[in-house]
Each structure stands twice: as C-alpha cells, then as structure tokens.
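Protein chains: 2
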Amino acid sequence: MDYYSSHISKLIEQLSRLPGIGAKSAQRLAFHIINMPKEQVEQLSNAMTGAKENVRYCKECFTLTDQELCPICANAKRNHKQIMVVENTRDLAAYEKTGKFEGVYHVLHGAISPMLGIGPNDIRLKELMHRLQEDVDEVIIATNSSLEGETTAMYISKLIKPTGIKVSRIASGVPVGGDLEYIDEVTLLRALEGRVEL
Amino acid sequence: MDYYSSHISKLIEQLSRLPGIGAKSAQRLAFHIINMPKEQVEQLSNAMTGAKENVRYCKECFTLTDQELCPICANAKRNHKQIMVVENTRDLAAYEKTGKFEGVYHVLHGAISPMLGIGPNDIRLKELMHRLQEDVDEVIIATNSSLEGETTAMYISKLIKPTGIKVSRIASGVPVGGDLEYIDEVTLLRALEGRVEL
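Protein sequence lines correspond, in order, to chains X and L.
Start counting the first sequence at 0; every next residue gets the next number (numbering that gives the first Met the number 0).
Start counting the second sequence at 0; every next residue gets the next number (numbering that gives the first Met the number 0).
Hints were generated in silico from the structure; no laboratory data involved.
None of these values were measured; they are calculated from a predicted model.
Heads up, some of the hints might be wrong.
Put simply, identical chains are the same to the list, so a pair is met inside one copy or across any two.
With a straight-line cut-off of 27 Å between C-alpha atoms, the simulated DSS-like cross-links for lysine-lysine are [claimed, not checked]:
{"#": "1", "residue 1": "K37", "residue 2": "K58"}
{"#": "2", "residue 1": "K80", "residue 2": "K157"}
{"#": "3", "residue 1": "K160", "residue 2": "K96"}
{"#": "4", "residue 1": "K99", "residue 2": "K9"}
{"#": "5", "residue 1": "K125", "residue 2": "K23"}
From just these sequences and the hints, can you work out the full model?
In structure tokens:
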C-alpha cells in the first residue's frame, strides 16, 4: 500500500482488523476520519481508550459496566429473585429495550460450544450457581436460539433443577410480523410444537 | 441507553456517527473494542489521531499524504507529462494497484454536481489548470462513470481543449468477467457504442 502515506496505511490496517470491516470499508472509514474535524477525531479516539480503561464486569451479574455494580443490579426496585441468563451484554440491552422485564440478569459471556472448544468452565456459569445460593425464585434462560444457545440452556437447566429453583426458557417461534413464507423450517416446526390454546 | 454504562454509550454513539455503521454495528464494534487488548485499542486510537494530525494535501497533485510532495509526485521515474484526473485518493489507489500507469495524478476531491450544489470552484480544478502551464502531453480523465463523473469529465475536457493538450477519457463498458445478464442497460449500450474492431 505504498501509494498511501504511512499514516493512512496504518489507519486502514488498524480499522480493517475490526470485525465486519473489510479492506474497502476500512479505506472508506479512514478517509472519512481524516476528513473529520479534529475535535471529532479526538472524541472518537478518547471514547475508545476511555471505554477500554473504565469498563469492567459487574461483580453481581457480570455485564460490562463502569461501576462496581451495574445500574440494574444496583436498582432496589428490580426483582432480584428473578434472574434472566443471557449470552452477552448486547442481549441484555435487547431485553432492557422492551422495558417490560423487572428482574435482573446474569451475563454468561459466551455459550457452550464443543465445536469451538468452549466448555461450561469458559463461561460465567460457576458465578451463576454461586448467585443461586441467595434467595432466587426463577431463572429464565434467554440464550440464543442457536445450537450453542440451546446446548447451554439444556446444560444450565440440568444443573439448576436439583436445587428446586424454577427454570424457564424464553419461547421460540415465528417472530412478530414475520412472513411465514420467509421463515425457515426449523422455526416453523418449533412454532407448531409450542402452539398455545386460544 | 441507560442500560449501558456511560462509557459504553459514549463509544457506541461515537462509532455510529461513522459512515456505513448503524446502531447494531456500532454496538458490536464497541464491545469488540472493549474486549481488545489495551495496546491494540491504543494503537487504533493513535492511528486515528496520528493520521488526522499528519495527513495533508500533496502540493502538486492534492492527494492525501504526510509529506509536502506525495511519493508519486516525488518519483522522478514517473511520467510527469501524463496526468490522470481522479475524484479522490481511493480512486488513485485503485489505479495504482494495477501497477501499469506510469504517469502522475491529479485528485479533484469531488465531482461537479448541480444537484448537491458542487460547482467547478468546489473541486481542485483551478489547481489542475495551473499544472497545465507546465509541459504536459496528455490529461486522462478517470472520474467515475456516474452522472457527476461524466459531467465533470465533459467540463474538464471543454476547459482543456483550447490549450491544445490531448484529453482522453477512460473507456466505459462491460467489466471484465461481468455477466451480460446482470449488467444494466446503460452500460450495455455504452459497451456497444464503444466497440472496437478486432
């Protein structure tokens, strides 16, 4: 890339390491950044280093936060006896956006995947079991509806059942507004199996 | 976004301002950056501020570079009498990748677009005309094959013709390896008009 000056090449190279950003996007982004006002570039750069330096795991639910306890775990109005287990902080955010869940979360940071060599000890499962020693009514498993997510859900439910705590799994089926024609067969079958009486 | 801590929200917001990065990608990138090793985050952040601070326009061809004269203009082996006019530095890089063009470039930083209110004075046209006072054999117009690119090409060729310098336009037609079936009609007609005898 010697037709670009070294500063530009370096920026393109760094950007193309980010997930989902290929060589072309990295070039486009690099030139956009070079053309941005200086203060904006500094804001972006500081946001990155600031987040990296200050963000850590909530000591209760292990979501990413900048306090010892995340805002949800620190909120006394939330139902701390109902724990929703999610794979990552983005999934937590997705449920928080609904505004309807009053309980708290537990973030696993991954899912069990024999294919990728990720076992139960590689995700925050021990920490979940530790939390269940407190007074907990229900664990809602909201891992993804993928092979890994389902495997993890099964594994967790087997672990928890002997404790007598209620374990549930979020429903899977046809998404609201989904056109049956475009939905895969596995989802259609799942929706059939999970049908509810009206 | 109060379910994210302020450092995370700030990073997501900054990232989502970049072109082609929507809310979802910004979230994914933010968590990726937070999980990157600290040195890598610093490298990325420094690459941005470094590029912003050091990159300027080549005083000859106006490409983005970090020297007074870009490596191409500074290269005595290039043919300085043949100037290829491109819209931006990425287009210059695209032609440099072919490794076959021996001349030098002129980067307009845009194209004439009456729709967007971009006129001949908003791009580096005066600077091109100034360069033609030196000894130049040919100006090759390699603006995009879009409405704006074609308008710009026509405008430049009319400006240059009276000077007696040869003006040419890169060919447009069916891309190599392109399947006729999937190519738009305008391109097909253009390819027909531009046919060459075998």
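Taking the hints in turn, this is what the structure says about them:
Taking CA atoms no more than 27 Å apart as the test, K37 paired with K58 passes between copies only; the shortest distance there is 21 Å, against 37 Å inside one copy. For the homomeric pair K80 and K157, the shortest alpha-carbon distance inside one copy (19 Å) is at most 27 Å, but the shortest distance between copies (77 Å) is not. In the homo-oligomer, the alpha carbons of K160 and K96 never lie at most 27 Å apart, since the shortest distance is 30 Å inside one protomer and 62 Å across protomers. Proximity of K99 to K9 under the C-alpha cut-off of 27 Å is restricted to the inter-copy arrangement: shortest distance 25 Å between copies versus 45 Å within a copy.
For the homomeric pair K125 and K23, neither the shortest alpha-carbon distance inside one copy (42 Å) nor that between copies (30 Å) is at most 27 Å.
Of the numbered hints given earlier, the model fails hints 3 and 5; all others are met.
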